[in-house]
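Generate the whole structure from the sequences, applying the supplied hints.
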Amino acid sequence: MIAFCALTRAAFLQRGFSTLGARLLPYPYPINFVPEPSKVSIAVTFAASPDLTTGTRKIVGWVQQQPTTDIPTIDGQYIRPQEFAENAEFWPQVDRILKKHAHEDPELQAQAAGMKSGWLNITDARNPPPPSRTGAAEDIFGSIMVEDRIIKPGSFQANWAHRPVTIYGLFQLPEYLHNKLVESLSKKDDE
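The opening residue of the sequence shown carries number 1 in this note's numbering; numbering runs sequentially from there.
Source of the hints: derived by calculation from the structure; they are not laboratory data. Quick caveat, the model's predicted, so the values are computed rather than measured. Be aware that one or more of the hints could be misleading.
When the alpha-carbon atoms are kept at most 20 Å apart in a straight line, the in silico EDC-like pairs for lysine to aspartate or glutamate are as follows [as the list claims (entries may be wrong)]:
(1) K152 with D95
(2) K152 with E89
(3) K99 with E175
(4) K187 with E175
(5) K152 with E104
(6) K100 with E89
(7) K99 with E183
(8) K99 with E36
(9) K99 with E83
(10) K187 with D95
(11) K99 with E89
(12) K116 with D148
(13) K100 with E183
The following label-pair restraints were derived from C-beta to C-beta distances [as the list claims (entries may be wrong)]:
(14) A110 with Q64: 37 to 47 Å
(15) Y29 with K187: 10 to 20 Å
(16) D148 with Q82: 42 to 52 Å
(17) Y176 with V40: 13 to 23 Å
(18) K116 with I31: 35 to 45 Å
(19) Q64 with R149: 42 to 52 Å
(20) N32 with I150: 43 to 53 Å
(21) V40 with K152: 39 to 49 Å
(22) Y29 with R133: 19 to 29 Å
Glycine residues also receive a C-beta, built at the ideal position from the N, C-alpha and C atoms.
Following this line, the structure appears as structure tokens:
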């Protein structure tokens, strides 16, 4: 038996995907789809000019075109979960960005101002929950500690049940944190 704390994000991704219909909205951020030489997959990245020869740190994951399906894999930047393979090297930097910058995010600060103390979930904007409700586990990046209406810096705790792609599409960080992630991806690997 595996202890819960030893489970990784990959273990959660092995669950089956929901087949419920989803409301699909246009993706709010630029995405680059880069065909990889000698592979049938296409790399998905937020990097403006990705140099994929230096490693996979900048790749969110890979999609495969399915020519037999009626709807193309990349249709208005929508990625279907059954055609997506996550890049495990990408997620540690997302967690670092959240740990380092979540307390600076204006959206999260506004949410924290509405509560006294406790844990505030950072919810994926691709499928926001109704007001005063908790989102689905696959749509929560993690939580941050709020003390006296102020986010405690460095308090981010990752939620390993979060999925990068669901029936609602690719993950969506709050704008401030997304920009911090893109800034991180634009740096050279040795920076």
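Evaluated hints:
Distance hint between K152 and D95 is fulfilled; the C-alpha atoms sit about 16 Å from each other, no more than 20 Å. Note on K152 and E89: the hinted pairing is violated, with a Cα-Cα distance of about 27 Å set against a maximum of 20 Å. In summary, the hint linking K99 to E175 is supported, as the alpha carbons are separated by about 16 Å, within the 20 Å threshold. The straight-line distance between the Cα atoms of K187 and E175 is roughly 19 Å, inside the 20 Å bound, and the hint therefore holds.
With a C-alpha separation of about 10 Å, the suggested pairing of K152 with E104 holds against the 20 Å cut-off. Among the hinted pairs, K100 with E89 is consistent with the structure: their alpha-carbon atoms are about 18 Å apart, no more than 20 Å. For the proposed pair K99 and E183, the alpha carbon gap of about 15 Å is at most 20 Å, so the pair holds. At most 20 Å may separate the alpha-carbon atoms for a hinted pair to count; K99 and E36 exceed this at roughly 31 Å.
A C-alpha spacing of about 30 Å is found between K99 and E83, which places the hinted pair above 20 Å, so the restraint is violated. Taking the CA atoms of K187 and D95, the gap is about 17 Å. The hint holds against a cut of 20 Å. For the proposed pair K99 and E89, the alpha carbon gap of about 17 Å is at most 20 Å, so the pair holds. The straight-line distance between the Cα atoms of K116 and D148 is roughly 5 Å, inside the 20 Å bound, and the hint therefore holds.
Straight-line distance between C-alpha atoms of K100 and E183 comes to about 13 Å, which keeps the hinted pair within the 20 Å bound. Distance hint check for A110 and Q64: the Cβ-Cβ separation is about 40 Å, which falls inside the suggested range of 37 to 47 Å. At roughly 18 Å, the beta-carbon separation of Y29 and K187 lies within the given 10 to 20 Å, and the hint holds. Distance hint for D148 and Q82: a CB-CB separation of about 45 Å, consistent with the stated range 42 to 52 Å.
For Y176 paired with V40, a C-beta distance near 36 Å fails the hint of 13 to 23 Å. Restraint check, K116 to I31: a C-beta distance of roughly 38 Å satisfies the suggested window 35 to 45 Å. In this structure the supplied range 42 to 52 Å holds for Q64 paired with R149, their Cβ-Cβ distance being about 46 Å. The supplied range of 43 to 53 Å is broken by N32 and I150, whose beta-carbon atoms lie about 36 Å from each other.
Between V40 and K152 the beta carbons are some 45 Å apart, a value that agrees with the proposed interval 39 to 49 Å. Between Y29 and R133 the beta carbons are some 25 Å apart, a value that agrees with the proposed interval 19 to 29 Å.
Of the numbered hints stated above, those contradicted by the structure are hints 2, 8, 9, 17 and 20, listed in ascending order.
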